[in-house]
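Residue numbers (our numbering), protein chains in the order written: chain A, 1 to 109; chain B, 1 to 430.
FYI, nobody ran anything at the bench for these hints, they're computed from the structure.
The reader is advised that the hints may include incorrect statements.
[To be verified] In silico DSS-like pairs for lysine-lysine, Cα to Cα no more than 27 Å straight-line:
(1) A:LYS69 x B:LYS196
(2) B:LYS149 x A:LYS24
(3) B:LYS96 x B:LYS149
[Unchecked claim] If we take Cβ atoms under 7 Å as the criterion, some of the chain A residues that face chain B in the derived model are:
(4) ASN43
(5) SER99
(6) ILE101
(7) ALA103
All residues carry an ideal CB built from backbone N, CA and C; glycine is no exception.
The chain contents come next:
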Amino acid sequence: MASVFPDGFEALEPFADWAVRGEKARYAKRLASTMDELDAFYNVAFPLLESSKDYLEQVSMEDISEQDKRLLWLFCALVTVAFPVEAWRQPRVPDSGPSTIDAILEPAV
Amino acid sequence: MPHFKKPAEGSWTEHLKIGTEPVSYEDSISPEQYEREREAIFKRTWLNVGRVEQLPRKGSYFTKELDAARTSVVVVRGTDGEVRAFHNVCRHRGNKLVWNDFPREETSGVCRQFTCKYHAWRYDLDGKLAFVQQEGEFFDLDKSAYGLKQVQTEVWEGFVFVNLDPENTTPLRAYLGEFAKGIEGYPFHKLTQVHKYRAEIGSNWKLFIDAFAEFYHAPILHSGQYMADEARKIQKYGYEALHYDIDGPHSMVSSWGGIAPPHDRKMVKPIEAALHSGLFGPWDAPDIGLALEDLPPAINPSRDKRWGMDSFVFFPNFMLLIWRPNWVLTYHYWPTSYNTHIFEGTCYFVPPENAFQRLQQELAAVSFKEYGLQDGNTLEATQTMLESRAVRDFPLNDQEVLLRHLHRTARAYVDDHQRRSAEAGTPATS
Ligand code: FES
Ligand SMILES: [Fe+2]
Numbered sequence: 001m002a003s004v005f006p007d008g009f010e011a012l013e014p015f016a017d018w019a020v021r022g023e024k025a026r027y028a029k030r031l032a033s034t035m036d037e038l039d040a041f042y043n044v045a046f047p048l049l050e051s052s053k054d055y056l057e058q059v060s061m062e063d064i065s066e067q068d069k070r071l072l073w074l075f076c077a078l079v080t081v082a083f084p085v086e087a088w089r090q091p092r093v094p095d096s097g098p099s100t101i102d103a104i105l106e107p108a109v
Numbered sequence: 001m002p003h004f005k006k007p008a009e010g011s012w013t014e015h016l017k018i019g020t021e022p023v024s025y026e027d028s029i030s031p032e033q034y035e036r037e038r039e040a041i042f043k044r045t046w047l048n049v050g051r052v053e054q055l056p057r058k059g060s061y062f063t064k065e066l067d068a069a070r071t072s073v074v075v076v077r078g079t080d081g082e083v084r085a086f087h088n089v090c091r092h093r094g095n096k097l098v099w100n101d102f103p104r105e106e107t108s109g110v111c112r113q114f115t116c117k118y119h120a121w122r123y124d125l126d127g128k129l130a131f132v133q134q135e136g137e138f139f140d141l142d143k144s145a146y147g148l149k150q151v152q153t154e155v156w157e158g159f160v161f162v163n164l165d166p167e168n169t170t171p172l173r174a175y176l177g178e179f180a181k182g183i184e185g186y187p188f189h190k191l192t193q194v195h196k197y198r199a200e201i202g203s204n205w206k207l208f209i210d211a212f213a214e215f216y217h218a219p220i221l222h223s224g225q226y227m228a229d230e231a232r233k234i235q236k237y238g239y240e241a242l243h244y245d246i247d248g249p250h251s252m253v254s255s256w257g258g259i260a261p262p263h264d265r266k267m268v269k270p271i272e273a274a275l276h277s278g279l280f281g282p283w284d285a286p287d288i289g290l291a292l293e294d295l296p297p298a299i300n301p302s303r304d305k306r307w308g309m310d311s312f313v314f315f316p317n318f319m320l321l322i323w324r325p326n327w328v329l330t331y332h333y334w335p336t337s338y339n340t341h342i343f344e345g346t347c348y349f350v351p352p353e354n355a356f357q358r359l360q361q362e363l364a365a366v367s368f369k370e371y372g373l374q375d376g377n378t379l380e381a382t383q384t385m386l387e388s389r390a391v392r393d394f395p396l397n398d399q400e401v402l403l404r405h406l407h408r409t410a411r412a413y414v415d416d417h418q419r420r421s422a423e424a425g426t427p428a429t430s
């Protein structure tokens with residue numbers, strides 16, 4: 001079976017469940033996670049994002065492969081997770097109480 | 001110490017001559033005033049309901065719930081390519097014509113005609129009644145007299161507007177005024193990558209416009225995004241805008257660049273540094289065929305080199321934000337009662353060419369959402385305490401000039417409508 005992510009991203013395999021399609025679902029996963037879980041994902045994924053700008057820039061959105069799509073979804077999840085890890089120190093946005101803002105239209109990938 | 005020049009009068013508020021006294025928020029907490037606003041504003045002004053890209057082909061349609069005007073409209077591209085809108089109501093016995101599983105939810109799609117779910121009356125894309133089930137059972141039914149009720153529809157720069165007042169004689173372009181004229185030519189049609197968000201907010205619709213029409217709150221409410229040291233620095237600096245203006249019921253604020261990227265790299269979060277993006281959008285602007293200095297004249301009106309973005313408030317409920325790194329954000333506030341509304345925020349980007357650009361856009365869209373959550377929740381706290389009426393007058397500062405103008409304008413529309421109804425001898429609220 002082909003690996004989940006492209007070559008060079010094997011370290012992400014334990015976090016493959018973060019390769020979630022759609023911001024709404026990624027945000028729900030963030031809210032359902034503990035800070036320990038978010039930190040663990042961030043600590044592995046963030047250095048890989050930092051070092052793979054060149055790689056990501058040559059992944060064309062026109063004919064993106066399944067592996068690259070999953071990698072992109074995982075990094076999109078990292079974007080969402082970066083807020084609690086880098087700023088809020090809690091999964092929910094502080095001072096946001098019960099309020100919600102839902103994605104109702106999103107790009108296909 | 002001011003960072004930017006103010007008009008000769010000493011303040012924007014005095015320059016724009018809209019008074020400097022404390023304001024009442026009674027218009028945002030009174031159920032009666034809300035009923036008047038429905039009649040005077042939402043049933044009479046031009047309302048933006050979407051973009052032409054939502055109607056790519058003949059037969060493409062979408063519905064829009066306009067609770068404040070007590071209706072739903074269906075917007076459709078006809079076989080002749082024209083965009084039309086109709087009240088979304090069947091002429092037989094008033095069923096909602098276009099909806100999916102949930103009658104109160106908006107929907108969209110492509111069709112050749114509209115078929116009512118109740119007794120299968122059919123209407124063509126121009127609204128003509130085309131088929132009546134068991135037509136012979138009716139009594140001399142003249143099908144040509146039972147087409148869908150059409151609503152005035154016009155398009156400005158790809159934005160589709162409707163006006164529910166059949167007696168309205170002001171064309172859309174004239175209504176939108178000088179700001180719209182000065183924005184024309186901006187390549188909105190190139191920004192087809194869309195992220196759209198929706199929220200139910202427990203406040204009057206005008207209070208959320210207030211929250212997004214001033215940045216005085218930003219260094220305070222949103223300070224959690226910075227390290228404590230940086231937050232203190234930003235609070236000391238505060239916020240000022242480059243330029244404010246009003247034109248008829250509409251208004252705008254032009255803002256400096258803020259963090260796109262900040263000179264002080266300590267203010268940049270690691271994810272922003274890695275992706276070269278943030279709340280202000282991707283730091284590298286994509287090519288939209290217009291250089292910064294060639295942007296239409298209403299954009300960055302002071303032609304300041306430090307410019308970052310403009311927020312236009314098109315009365316009553318459409319906000320258009322044009323950002324320096326060549327992307328656009330729109331806000332809509334759809335009232336559902338005097339103390340609730342539905343908020344929509346839509347990000348428009350040039351389609352990303354590669355995965356890195358896609359991530360840059362994701363960070364900008366998600367940043368908008370994170371801060372919007374803080375804004376939305378604060379509003380519920382504001383609404384409940386305004387409703388206590390323990391305090392009745394509120395001082396507004398010179399950065400809150402657009403708020404002053406919005407509430408004044410809404411009150412003026414209501415007063416004007418009341419006066420004209422009294423003259424005509426008709427009840428002002430139905
Ligand atoms: S109500 Fe629509 S066909 Fe009867
Ligand atoms: Fe805000």
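Now for the hints, and whether the structure bears them out:
no.: 1; hint: A:LYS69 x B:LYS196; result: holds (21 Å)
no.: 2; hint: B:LYS149 x A:LYS24; result: violated (37 Å)
no.: 3; hint: B:LYS96 x B:LYS149; result: holds (13 Å)
no.: 4; hint: ASN43; result: violated (12 Å)
no.: 5; hint: SER99; result: holds (4 Å)
no.: 6; hint: ILE101; result: holds (4 Å)
no.: 7; hint: ALA103; result: holds (6 Å)
In this structure, the hints that do not hold are numbers 2 and 4, in rising order.
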